[in-house]
Structures are given as C-alpha cells and as structure tokens.
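Enquirer: These are the residues of each chain, in order.
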Amino acid sequence: MTKTTVRVAAGQGFWGDWLEAPVRQVEGGPIDYLMMDYLAEVTMSIMQKQKSRDPNAGYARDFIPLIERILPTLVSKRIRVTSNAGGVNPRGCAEAVLAVARKLGFAGKVNVGLVSGDDILPRLDELIARGHELRDMDSGRPLSDIRDKVLSANAYLGMGPIVTALGQGADIVVTGRVTDTGLTLGPLFHEFGWRTNDWDKVAAGTVAGHIIECGAQSSGGNLLRDWRKVQGLANPGFPIVEASPDGTFVVTKHPKTGGIVNVPSVTEQLVYEMGDPHSYITPDGVADFTTIRLKQAGKDRVQVSGIKGGPKTPMLKVSIAYFYGYKAVGTLVYSWPEAYDKAKAADRILRQRLQDLGLSYEQILTEFVGADATHGRLAGPASPDAPEVQLRIGVRAREKAPVDRFTREIAPLVLTGPPSVTGFAGGRPQVEEVVAYWPALIDRREIEPGVKVEILKA
Amino acid sequence: MPRNSRTRQKPGTKTVQLRWLAHARSGDKGDTANVGLIALEPEYFPILVKQVTAARVQRHFKGMVRSVDRYVLPNLNALNFLLHGALDGGGTISLKTDAQGKVYSTALLRMSIPVPTGLARKVSGAR
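Protein sequence lines correspond, in order, to chains R and D. Position 419 (the first sequence) corresponds to 419 in our numbering; numbering is contiguous. Position 94 (the second sequence) corresponds to 1094 in our numbering; numbering is contiguous.
It should be emphasised that the hints constitute simulated quantities derived from the structure, not laboratory data. Treat the hints with care, since some could be wrong.
Derived lysine-lysine pairs resembling DSS-like cross-links, with alpha carbons at most 27 Å apart [as the list claims (entries may be wrong)]:
#1 Lys-344/R x Lys-1102/D
#2 Lys-344/R x Lys-1062/D
#3 Lys-1050/D x Lys-295/R
#4 Lys-317/R x Lys-149/R
#5 Lys-1096/D x Lys-149/R
#6 Lys-295/R x Lys-1122/D
#7 Lys-229/R x Lys-1062/D
#8 Lys-1096/D x Lys-344/R
Derived list of chain R stretches under chain D, where covered just means 3 residues or more per stretch with a C-beta under 8 Å from a C-beta of chain D [said to hold, decoys possible]:
#9 216-227
#10 372-381
#11 432-444
Residues from chain R shown here face chain D by an in silico Cβ test under 10 Å; the list is partial [what the hints assert, rightly or not]:
#12 Val-42
#13 Thr-290
#14 Gly-298
Glycine is no exception: its CB is placed at the ideal position from the N, C-alpha and C atoms.
Let the sequences and hints guide you as you build the complete structure.
Expert: Okay, here's the thing in structure tokens:
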C-alpha cells in the first residue's frame, strides 16, 4: 500500500560530517529512510588511491562502524538506508556491511542492495577509441590530453538503480557515484510509485534532495541570517523531508534538537552551488528552481511546493580525476606592532630566496590572514594596529622538488627574517599531491546498460 | 581609483551596504563561485533587482573575477550570481584559503547601493 508520507532524513552532508548525526536521526523520531552522501568531486580519486594500495579499500570506511552502531535501530524501526559510501569499491563496502550484520546477529534479516556500473576507468581507452572525446566541460580540452594521468572516472548515476534495489527488498543500498539527489529521489519514487518520466515529480524530489544533501546546512548550520539567534547548535537537528504523494513536501527536523528550519535557512541552501536556476540538471531530469514555493508551516517546518521540471537530457555527467602536480602551504604568525608590514617583509624575503635558489613554480600565492585572505582588496587597507597577522604562502608546481624545497624555507624565516614571529610549532608544511577534477559528458546509452543491481543477503 | 558613490548620489537617496538589505550564501563549481543574494524583506527585492546588476557586481569584484552572470529568482526574493574565474583555478588546484568560494557571499555584502533615504534610516548602518 502506498504511504501517505515518506520521511527521508539526511545523515551526512559530506565524508567527514558530524558522526553523531545519523545516530540521532534514527533515534530522535520517526523516519523511513536515512540518506547519506559521502562523495565530493575529488573524493573518488582519493578512494581510488586507497584501493590501488589495498584492493579491499576504496570506500568511505566510516560508514561501516556507523552502520554497526545504528543497525539494531534500523532493523527494529524498519528504517532503510541509501548511501553512495561505496565510492570506487561498492562491492567491498557492501560486503563489509554484511559482515557487520552477521556479527550483530542479523544473518538472514538484512539485505544489502549493491549498485555498480558507474566506474568507467577500465573502459576509458575503448570509449576514446570509439570517438568519445570526454572533453573538459570548463576548458573544452579532450581527455586524450591527460589520459595517462587519469586516476578515476565515474559516470554520475541517477535514482534508477536505487528504485530497483529498494523494489527488490534492499534494506541498505550501497552505491558508487550516484548523485546526492538520487539518494533521496530513489526512496520517493519507490514508495509513491511515481513514473520516472513524471518530470514535475522528478524535479520535486530533486529539490528535496538538494535541500537535505548538505546536512545541517539547511537546518541552521552555516546560516548567515540572524546567526546569533540560531540556538542549540551543539546538538544540531539534521534536516528531514516529509514527502507527500502529490510531490509537495515539508522540510523539518526532530524535536528537541538545535538549529532552525525556516524559509531563510532553506533558501540559503537552495542557492548553494547554484548555476542557472531554470535548469538544475541531474541524471533523472531537469528542475526549475524558479518555480519553488516556500512557506513557513509551523515551528521548524517549511512547506515546499509548486516545483516544475523538464525531461532528462541524453547525456550523463562523468567525474574524472587526474594527477596534476604538487602543492604546499606554509604559515607564520607576526605580532603587533606593525604585524602586517612584518609579514609582508617576510614574504618578500622568502620569494627572493626561492628565486635565488632557481626554483620555479606554476603559482606562488601570498595571503595575509587577518588582513586580506578572505575578501582580498575589498577588505581595505590593513590596520597598522592589528594584534597579529598570519602570513600564508602557497606554492604549486608540476614537479615535486621545488615544492619540497619550499617546505624547508618557512622555518628558517624565524631566525633570519623580520621580528616578533611565532606559530611555527607545527613543523614543516606537508607536500600534497594535487588531484584535479575533469568534468565531462557522455551519452547515457554507453553507461546505463552496464548498471547492475544485486541483492546480497546477510 | 575608487569612485566616490556619494558624488553620484541622487537626491532623496543614501547608500547602504548590502549586508543591511540581504543575506547570502556562496559555493563553487570548478573555477566559478556562485553567490545567492537573498532579500531580508520582500520589499527590498525590487531594489536589489534594480541596483545589484551583473555589471555592478563585476565592478565590485574588479581584478578578482573574470566575468559575472546574474539570474533572478522572484519566488525566493533572490538573485544568483556566477563569478567566473574567481577561485584561482578552483577545487584542489587553487592555493587560496577560500578555494571553494565559501565567503564570496559576505564579500558581495560589502557592496553599497543607493536606496531611498527613509529605508536607509530604517536599516542599521545607514550613512
């Protein structure tokens, strides 16, 4: 029987979000689904690197101890989970979940839905050979320019395989690169039996997913308007969508939690990372954000309605990560008086030394934290009375050697540069590998036939 | 040379910073930062639509962004600005503290626009 309300709760806004959130979502009140988004743009490449060192790795490892913590509640309250924690190894992730379920005595009681087919790394050469140029959506360059540096390549899948997995009885759906919105759309289309070409419903579910995909960022976290009035953020209530079969929904949070759900908090999240609001494109359809109606419908309840959408496009986005080079960032703190001038002098000295050593970089960027680091020249002239200014210098190069040498040039400034300097106890800056993002498009007919859904039993 | 907005001021108007008229949130897509600018009160929205044009925002961020697009969302009393080339390469390439454009939002709220004197008096920070 079709439910009249389906509650989808956000448990994580990104890999590294508050660990208590999913626990409080399943325990703090009624929900039907817990959705957890783990994948930012370059997360897949980090996971790919981990997998190349250990074939069992390559997914969001935090997901497993979390499931272990909440599984008894999931089972007793019949809450189902959708998550893209699987990263570049959804099978390894699914098997780790099954192992935890068995360990807790839920053998035969938990079904894991495994979604795969987003990973096109093994197919790249074949795709390029058949004329798929996979051009960078920003620069227009063909992928062949950097083919030898590619670390991961994944197509963004939509809700389709999640709807299938839920229909086949999955309790926990583990995917690779499924869009964050797909994790919310899947449960709604499964529960309400909406047709996947009902574009207004797709758009409504997409907006619902977008509102909760960044966790507490729609329920009082990072809220600029009246930020002092947001109470209880030590225990922030993560957002919950209460969806109705007609495509309208309410955004809310559990009682006795902090934060706030109001029209401003939801609006700030709606405009977050927005492009052209008339066409918010996902693999499942195109949502028109200029049709969204918001209305306060009680304390910590915002009613969302009116959403219109259009058909899905023939293309899927592909997220490609490639090795770019190296970077490092060094910092030192200069104190009053004339802190800014001292930091500026140190920057000049350091740059001269790098030049004298014959080191070259793609970029050297100097920022003065406390003066211009966040707003640049808009911050106005630095105060000569600033109590302290942090010198922050970053360098980037294609080769490792100049970056490595740079990391050894920060500490010497303490005894060989301007006075009243501190804040170097952290030691030498780390050389970081730069993995860059290459967004491209591919015909969905190349991807969709290879998408696979399996139900694994604990 | 910073232009003195007061010299251009029409009679009956005063300039106020956007922080008294709007709130904002920003994010990133590659080397583009977006800023969603949301009117604090519905009656401020037409003023924002008229005064906070793409050209004026581009001038505000001169030297910091390559170009600016603007979209209007009357349903949310909001404007969305795309600031292209704002993130020094963006993503993991950028060396900036704000590589993901998280605080371009408040940088836009520094901008001043002329509003009727009565409104300027009503909102805090009126000059």
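Enquirer: None of the hints should be skipped; say for each whether it holds.
Expert: Going down the list of hints, with the structure as the test:
{"no.": "1", "hint": "Lys-344/R x Lys-1102/D", "result": "holds (25 Å)"}
{"no.": "2", "hint": "Lys-344/R x Lys-1062/D", "result": "holds (23 Å)"}
{"no.": "3", "hint": "Lys-1050/D x Lys-295/R", "result": "holds (25 Å)"}
{"no.": "4", "hint": "Lys-317/R x Lys-149/R", "result": "holds (20 Å)"}
{"no.": "5", "hint": "Lys-1096/D x Lys-149/R", "result": "holds (24 Å)"}
{"no.": "6", "hint": "Lys-295/R x Lys-1122/D", "result": "holds (26 Å)"}
{"no.": "7", "hint": "Lys-229/R x Lys-1062/D", "result": "violated (34 Å)"}
{"no.": "8", "hint": "Lys-1096/D x Lys-344/R", "result": "holds (17 Å)"}
{"no.": "9", "hint": "216-227", "result": "holds (count 3)"}
{"no.": "10", "hint": "372-381", "result": "holds (count 6)"}
{"no.": "11", "hint": "432-444", "result": "holds (count 5)"}
{"no.": "12", "hint": "Val-42", "result": "holds (6 Å)"}
{"no.": "13", "hint": "Thr-290", "result": "holds (5 Å)"}
{"no.": "14", "hint": "Gly-298", "result": "violated (20 Å)"}
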